[in-house]
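First to last, the sequence lines map onto chains A and B.
Our numbering puts the first residue of the first sequence at 1, with every later residue one more than the last.
Our numbering puts the first residue of the second sequence at 173, with every later residue one more than the last.
Hints are not guaranteed to be accurate.
Below, a list of computed lysine-lysine pairs in the DSSO-like style, where the Cα atoms sit at most 27 angstroms apart [what the hints assert, rightly or not]: (1) Lys-214(B) - Lys-236(B); (2) Lys-410(B) - Lys-431(B); (3) Lys-2(A) - Lys-214(B); (4) Lys-194(B) - Lys-2(A); (5) Lys-214(B) - Lys-259(B); (6) Lys-214(B) - Lys-6(A).
No lab work stands behind these hints, which were simulated from the structure alone.
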Amino acid sequence: MKVTIKVNGVERTGDVEPRVLLVDFLRSNLRLTGTHNGCDTSSCGVCTVLVDGEPVKSCTALAVQLEGRSITTVEGLAQGAILSAVQAGFHEEHGLQCGFCTPGMMLTGTALLERNPNPTEDEIRWAISGNICRCTGYMNIVKAIQHAAKVRAEAAAAKPGVPATVGAGGGE
Amino acid sequence: MLPAAFDYRAPASLNEALAILKQHGDEAKVMAGGQSLIPLLKLRFSRPELVVDIARIPDLNTIKREEADGHFAIGALARHVDIENSKELATAAPMLAEAAHWIADPLVRNRGTLVGSICHADPAGDWGSVVLAFGADIVATSQSGQRVIHAQEFFQGPFTTALNPDEIVTEVRIPVAKGHSGGAYLKLERRVGDFATVAVAVQVELDGGKIAKAGIGLTAVGDRNIKAADAERHLHGKEPTDAVIAEAARLAAETAEPKDDARGSAAYKKDVVRVFVQRGLKTAVGRAREAR
């Protein structure tokens, strides 16, 4: 069955069986392996991608369901060598240990800041409550998202209307 | 983990979807957000020949208040997150937003729907108790027309509903009194995203300081979502004193039929029902007194 999905701004077409999961379509058909496949039972959130800006579990969606929709994966966050504010936050605050949950965490964090640019710690913890970090590195993940919120606010103050990005290396 | 193979259709209109269901009967399975169905397909607990994805049917994602009698019509594609964030619902029927907030996790809530959840009819599902507490009506549509199924008749057993294979639930009608009404949803879960150990939905309507109407639904303590009818009857027409509420809570716990499992013993769960119904009634009555 033919399916066309906009992935990171580019229309991608594939021929898949209806039973193929979105995570498998991204990883196997499109070779976008930044989206991880973890529990495969809708429990852990490492497979999180954004569908029209909202975080969802790509292990619990069929590729054919997403026909015509717009998807952002972790590969779509940076602009070339320029990290997004959330990526820079994870770099700056050491928001990862083994890194397996990181793509999902960063996408959930990105969606949160789009909706709520200045979240409280409770709001951040609630937003990432569907994303499990098996290393239990939540302290720094929360700090990373807070850092990103700060960077975005500063960038917005400096250049209204321009999305916040910082140089690779987190502005060092 | 791939599901077993199935055919897939994504009709663009309700009429087209109903025709497909008429033709395929119980070989077909309706999918909205897929948050219950896809895990079942992966585990092969469900092996339909055809999945009918209704997500592209227009106008099914609405949440609207009908002026005539004040009920809220929740469309088949209204997601948990839509209910959680609805400002109108937060004011008129806070129990709905409260229950939505407890469902699964934020990622699942971005795709799953209330209607899909009740059609899945998991005894540990949260929305079943909510629709029982409100005394909601479930609107089933087929090629022969529409019929209204009362929430109490809708749930027939674990993962079993009164729905026929050629029917789609197009909306759920939640009656919300315009005067002094209020509710609460209380849930005990081991961690975010787990099913309830126990949860309780309570909705009351006050008239002149007395309980004009009470609805209580129990989650994960039986083979389906349970309506605590004895407790409801006990409350009817009485002033909600501490003693009346305590007795209603005791009756609700008697109605519950929990089993021992990894989440707790049956005795423990019964006691959680009692405590939650007591707390929930106090919160609901407080909210009803403040409501305009």
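Tell me the hint numbers this structure goes against, listed in increasing order. Checked against the structure, the hints that fail are numbers 1, 2 and 5, while the rest are satisfied.
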